[in-house]
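**Student:** Spelled out, the chains give:
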Amino acid sequence: MKDLNYNQQFEFSGKAKTYSLIAIAIGFVAIAFGILAGHTERTFANLLLMSYYFASVCMQGILFCAIQYVSQAGWSASVIRIPQAYAKVLPYAAFVLIAVITLGLLTNHTVVEEGKKIVEPYLYAHWATKGIVVKGSENYDAVIAAKSSYLNIPFFFARLIIFLGLYSIFGALLSRYSKNEDEVGGMANYNKSFKISAIFLVVFGFTTPLFAFDAIMSLEAHYYSTMFGWYNFAAMWVSGLAALTLITIILRQNGYMTWITDNHLHDLGKLVFAFSIFWTYVWFAQFLLTYYANIPEESVYFYKRWEPEFKPWFWLNIVLNFCAPVLLLMSRDAKRAATVLKYVCIVVLCGHWLDYYLMVMPGTVGAAGRGFGIEEIGIALGYVGLFTFLMLNALSKTSLVPKNHPFLEESLNHHI
Amino acid sequence: MSSHESIIREPLITGDNITYAKITDDILVPVENMPNKAWWIGFTVASAGAMLWLYAVSYTFWYGIGSWGLNKTVGWAWDITGFVWWVGIGHAGTLISAVLLLFRQNWRNSINRSAEAMTIFAVICAATYVVSHMGRPWMALYTLPLPNQYGSLWVNFNSPLIWDVFAISTYFSVSLVFWYTGLLPDIATIRDRATGLRRKIYSVLSFGWNGSVKTWQRFEAVSLVLAGVATPLVLSVHTIVSMDFATSLEPGWHTTIFPPYFVAGAIFSGFAMVQTLMLVTRKVLGFENYITMFHIESMNKIILLTGSIVGVAYLTEFFIAYYSGGEYEQYTFLNRFIGPYWWAGCMMYGCNVLMTQLMWFKSVRTNIALSWGLSIIVNIGMWFERFVIIVVSLHRDFLPSSWAMFYPTWVDVSVFIGSIGVFFTLFLLFLRVLPAVAMAEVKLLLKSSSEQEKKKLLEQGHVGKEQAEFYKENLIKYDSVEQAEYSNI
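So the protein lines, in turn, are chains F and W. Okay, so the first sequence: first residue is 20 according to this note's numbering, each after it adds one. Okay, so the second sequence: first residue is -16 according to this note's numbering, each after it adds one.
Careful, some of the hints might be misleading.
Claimed, not checked - Which residues of chain W face chain F? A partial, calculated answer using Cβ under 7 Å:
{"#": "1", "residue": "S(-11)"}
{"#": "2", "residue": "I(-9)"}
{"#": "3", "residue": "A229"}
{"#": "4", "residue": "T230"}
{"#": "5", "residue": "L232"}
{"#": "6", "residue": "H237"}
{"#": "7", "residue": "T238"}
{"#": "8", "residue": "T239"}
{"#": "9", "residue": "I240"}
{"#": "10", "residue": "P243"}
{"#": "11", "residue": "V295"}
{"#": "12", "residue": "T299"}
{"#": "13", "residue": "I303"}
{"#": "14", "residue": "Y306"}
{"#": "15", "residue": "S307"}
{"#": "16", "residue": "E449"}
Stated by the list, open to error - Capping the alpha-carbon separation at 20 Å, the derived lysine to aspartate or glutamate pairs in EDC-like fashion look like this:
{"#": "17", "chain 1": "W", "residue 1": "K448", "chain 2": "F", "residue 2": "E429"}
{"#": "18", "chain 1": "F", "residue 1": "K166", "chain 2": "W", "residue 2": "E310"}
{"#": "19", "chain 1": "W", "residue 1": "K426", "chain 2": "W", "residue 2": "E436"}
{"#": "20", "chain 1": "W", "residue 1": "K430", "chain 2": "W", "residue 2": "E271"}
{"#": "21", "chain 1": "W", "residue 1": "K430", "chain 2": "F", "residue 2": "E428"}
{"#": "22", "chain 1": "F", "residue 1": "K289", "chain 2": "W", "residue 2": "E203"}
{"#": "23", "chain 1": "W", "residue 1": "K430", "chain 2": "W", "residue 2": "E(-12)"}
{"#": "24", "chain 1": "F", "residue 1": "K198", "chain 2": "W", "residue 2": "E449"}
{"#": "25", "chain 1": "W", "residue 1": "K438", "chain 2": "F", "residue 2": "E428"}
{"#": "26", "chain 1": "W", "residue 1": "K448", "chain 2": "F", "residue 2": "E428"}
{"#": "27", "chain 1": "W", "residue 1": "K430", "chain 2": "W", "residue 2": "D(-1)"}
{"#": "28", "chain 1": "F", "residue 1": "K211", "chain 2": "W", "residue 2": "E452"}
{"#": "29", "chain 1": "W", "residue 1": "K284", "chain 2": "W", "residue 2": "D462"}
{"#": "30", "chain 1": "F", "residue 1": "K214", "chain 2": "W", "residue 2": "E449"}
Calculated directly from the structure, the hints in this document are not laboratory data. Heads up, the beta-carbon is just placed ideally off N, CA and C, and yes, glycines get one too.
Full structure from sequences and hints, please.
**Tutor:** Listed below in structure tokens is the structure:
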């Protein structure tokens, strides 16, 4: 790699900047449209969905970097700047997620359920409705009251802020060490990254299930599934891998990161392929055990998702997230063909939007308020724009290759 | 990648003047010579255990499973506990040979052979439990969907137990093929060095391996295909074993996290068993240069990782028991600590989660005696995990009037202890007739990842100073490296 420019830097301007700003504008228009059209709850549900997705992908960036350090992976050293870039975006994503949840929890609307008027918040109405844990209130719910020492507004926010804050700090540390390494070389920064990564993995491993229980599972607060945390973990991991692969391919197509060869793409493709299967495994295990045991408290979750409004989407989820990556990426050649890989990654990213859609919608707007239109597409586009803008901006701050990374030589000569 | 391997990677083969011939000579010592005293003592003890197993199982078949300590509340106890324990142990071999191959972890090359052999013997032990469960083993054929003359009898495809039969028999066949394929070049090496009858036997076993380029190409291709097939199998076997419990309505059994949690636990116990065996084998057979401190530490790291994953699953179960608000669910988990089996609960959580956390310390991970002790503790802890899940969940069911304790009979105990004897008998025989380290695969690493090659690089001085220091610091933990040689490089 004689002709390698170790100071190659991404320049954030032109089309990438314009288009991501346009996408953000579309997002705002869609939010305004949703509220004006009287679909406030649906708008909130979409905002929660995309904020969660956004934060998850950023978290995956930190996780990816940490795993590379702890497992002493060599091949990935030359792409590590990309997950680092989106790790740096996590504080923004965390802010957006917490802001959306705050707004959704603290603003109320009146709904009529079984002839009874109830004033409930837009998000987390199943446990945050006023009076739901107060004995004697007409909204009282004994099951929710039993878990109110965990599911209550102050503790809920404390957890969200602590978890996302901790992850953000680890992300910032990993990027900082990597940047310092560019400047001073040597092993000191690598050693620090290794240690911080190991600590991060412990913190992350023990807290992400709770993060998923809080942000998503508690939308249907009566339902519980021990698998839910790992199911969300699998979704986060594979969608982040698809994002990483997609960004790598697009950057390379635009003349950056020319050192990324088909061998690197092959490895990325293998990861997307394998973890799509892993996601399906976890999804199926949760589904099968619920279906087989048929305990009402649990099977109500899938019952709702088998109502006619959701059932086609339910099966489409498997087509997009399992059949598509498995069949399209099965062969070696497909994983090494940038175009095939690119489109599969887009399908997987859309597929996981649908996966989150199926987790969020039945518990918020329900079958009656469900839709797929301007709100869904517009808000999703808005977040894609926001992610692209912030991520590319972060990426442009450092050179694209970590020139003093001890495994860089291995990565540049990677061959499989 | 070989010529670009970073200097900071620790060596996988240590020692000076290691040549291809020396690798063959070192590893074939136990195969080409008469066994020593240590082997005979081990073999005598192990085969006494195997005889005990034979007696206890024959007794079971003669008198029926009434000879076990089961009662109407606890209708499934040591039998299924032993089965799940052995299947779990049988996960490490295929994980090492298949998953680590896909992840290009070269250090697997020195330990995969023994780990796969161990897998096969563990799955055999597990399979004997399936048969002895039946009480009437001659009825075993009814677990297979075969046409029969007694009418339209057909296996119950809705039952996870029948899924188990398919999963385990598939896993066993693929593991066996994988192991045997990997053995072919090594068997051919033994054949070429042998004479007389031994040569004839190994000649047949080597399937005509001639070491040509074409043979090697096919060998590589088939290894990759088998790794691809075996990887989902590693996950599927314990997933299905977990479904034996999780599809039920029993609190403590029915929980959706069971499949991946059981798989993590299986890999955890499997690696512990590999560690137990390898640490002894390494010492007794003098394989210190091939199974190095790096291998030991890496296995300890995997034990720590999987132990922690299991820990997350334990905590998730406790949390959801609280969160669900279900009183039966909550009682089941409380009963593990405050019930009459509190000691079993303490063994389960203490050995599997608390003790493995010691491996955060490098001084523990690189201490051979401690590593061996911890691997035994994990094996004990994982037995108790299954005992707690199975017996402790069952013994206090929905009806307090039917609550009961389980007391094993001598037959229960003998079948279990005997199965350990069977396992070790098979393993000790394996060490005599086949190479315990994959010679051909270790040789692949000699020119890139051995201490002597790395030393040449250091002496040539083309590596970064700090990286060289980092490498030398990492060598200090090796018990098979002459530290003095590095003081003046």
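**Student:** For the pair we were handed, W/K430 and W/E271, check the Cα-Cα distance against 20 Å.
**Tutor:** 18 Å, holds
**Student:** Are the Cα atoms of W/K438 and F/E428 separated by 20 Å or less?
**Tutor:** 19 Å, holds
**Student:** So, W/I303 near chain F? Judge it on the closest CB pair being under 7 Å.
**Tutor:** 5 Å, holds
**Student:** Min Cβ distance, W/T239 to chain F: is it shorter than 7 Å?
**Tutor:** The hint holds - W/T239 has a Cβ within 7 Å of chain F, the shortest such distance being about 4 Å.
**Student:** Could you grab the alpha-carbon distance between W/K430 and F/E428 and see if it respects the 20 Å cut-off?
**Tutor:** 18 Å, holds
**Student:** Against the 20 Å threshold, does the CA-CA distance of F/K289 and W/E203 hold or violate the hint?
**Tutor:** 18 Å, holds
**Student:** Starting from F/K211, check that the Cα of W/E452 is at most 20 Å away, please.
**Tutor:** Status holds; Cα separation ~16 Å.
**Student:** Does W/D462 sit within 20 Å of W/K284, going by the straight-line distance between their CA atoms?
**Tutor:** Status holds; Cα separation ~18 Å.
**Student:** Please work out if F/K198 and W/E449 have their alpha carbons no farther apart than 20 Å.
**Tutor:** 18 Å, holds
**Student:** Verify the interface restraint on W/L232: the C-beta must sit less than 7 Å from at least one C-beta of chain F.
**Tutor:** Interface hint status for W/L232: holds (6 Å vs cutoff 7 Å).
**Student:** Given the hint that F/K214 pairs with W/E449, does the C-alpha gap stay at or below 20 Å?
**Tutor:** 18 Å, holds
**Student:** Straight-line Cα separation of W/K430 and W/D(-1) no greater than 20 Å?
**Tutor:** 13 Å, holds
Of the numbered hints given earlier, the model fails none.
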